[in-house]
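Participant: The chain contents come next:
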Amino acid sequence: MNILILRWLRWLVFAFVLCTLTVLLSGCILPPGGYEYDNGGIGANYYEPSGFVDYGNWGRGYQVAPFRGGDHRPSGGGGHASGHTYKSAPASRSMPSIPSHSRSGGSRSR
Amino acid sequence: MAGIKYVQCNFVGTPGITFDGKIGDVPICRSVKQKGHNHFFRQVLLAILLCIVCVVPVMAAELQLPAIVEPASQERHVGKLIFVQLVTPDIAATKKFYAGLFGWTFRDFQDGGTKYAQAFLDGRPIAGLIHKDIPPAERRQPAWLSFFAVSDVDAAKKVALQNGAKVLFEPHYIPDRGRQAVLADPQGAVFAVLASTSGDPADALAAPGEWIWISLLTSDPDAAAAFYQTLFDYEVFELPASESAQHLLLASENYARASVNSLPASKPNMHPHWLNYVRVEDTVKMTAKVVALGGRVLVEPRIDRHGGKIAVVADPFGAPFGLLEWTDTDSKEVPK
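Residue numbers (our numbering), protein chains in the order written: chain R, 1 to 110; chain V, 1001 to 1336.
Honestly, I wouldn't trust all of these hints.
Below, a list of computed lysine-lysine pairs in the DSS-like style, where the Cα atoms sit at most 30 Å apart [what the hints assert, rightly or not]:
| id | chain 1 | residue 1 | chain 2 | residue 2 |
| --- | --- | --- | --- | --- |
| 1 | R | 87 | V | 1095 |
| 2 | R | 87 | V | 1158 |
| 3 | R | 87 | V | 1267 |
No lab work stands behind these hints: they were computed from the structure.
None of the values given here were measured: they were computed from a predicted structure.
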């Protein structure tokens, strides 16, 4: 009986060591890219390299916001064949804005 | 039987006596040895099985994240920013900051070692916060991760890879949340795609305190616009360039979804990234509030093309985000 128990104990220890090694090895596998990811089951543990938010001086004319509804499409932009790698929206298309109606309902008034 | 001598073989772990040997040479217990090998392999097999039974469920155990739309919708708006998520080393302090700034409330979730808090504004899911320590030796900082709507994550991944992107986290299903993947575009800006199981938020004007806009600051706006146009089928509108900067606008379903901008001239080596903006009613006041709550100002309030002011700020742990003033009664100041 004791021998049987010993045998079970032996392979339990063996299994424990194998499991531990498996977990440790899986933890050492790093994803590609310079970003910090561990899955934790959710896959979004995202940190950027330190210092990436030094925005400096944006300077005059540096604009990022959307246009307001009804704005005319600025001249000189789009609708023509160009050397760009993207396909420009047709010149006949007016400049879109963000949604202007509230969440309570209503039409897509622009 | 001449020349054969029976010897006693005691094999470790194999009690009893087995007779099988040779005279003259070192005794070899063939049957015992064979039996020992079989026993060893049986042990290995059992150990592997035990390992699979024990480890796989632990590794596969997923944090069940809440839906991004409550109640669920049937809408799908490919290319729309539908959710944002922040990994932070101090979830309590982060919650305090955003609650104080925008009035967000939080619902906590915990599964195993993962702490997650979902932010709400007026009962609508706004964002997710995940706790994760930053090892002192690592020079990293938090950043908001932007999730764009897709209908098929695996197809999006395939298109992205074909067009020069990298996969940072493979497509993965998260119960109640949907299927998602994290990618880096060809210039290195990180973003996520999500096929939400609860549908996408409806297209409506963001309330103050909600995410209203997103801009990509990148080293190659032209190539980036082409990449995202291929991925999300955007329309691309060119905007007047200035001071060697290129400005583009991405749209879908007749709504502006994002802008694409050259990196600021003073920071040509900045890391390309997506920057999310929260709608505010008064950018100057909110900027002061950011500082009072322990954050800092990265770009001072300035008039932008919509006639209102924007600013870029960072929370106490360095995660940057924008403040975008958008009121229905904006007087249209001419940008200087």
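Participant: Each hint: holds or not?
Facilitator: Now the hints, each set against the structure:
| no. | hint | in the structure |
| --- | --- | --- |
| 1 | 87(R) / 1095(V) | violated, 42 Å |
| 2 | 87(R) / 1158(V) | holds, 21 Å |
| 3 | 87(R) / 1267(V) | holds, 28 Å |
In summary, the one numbered hint that this structure violates is 1.
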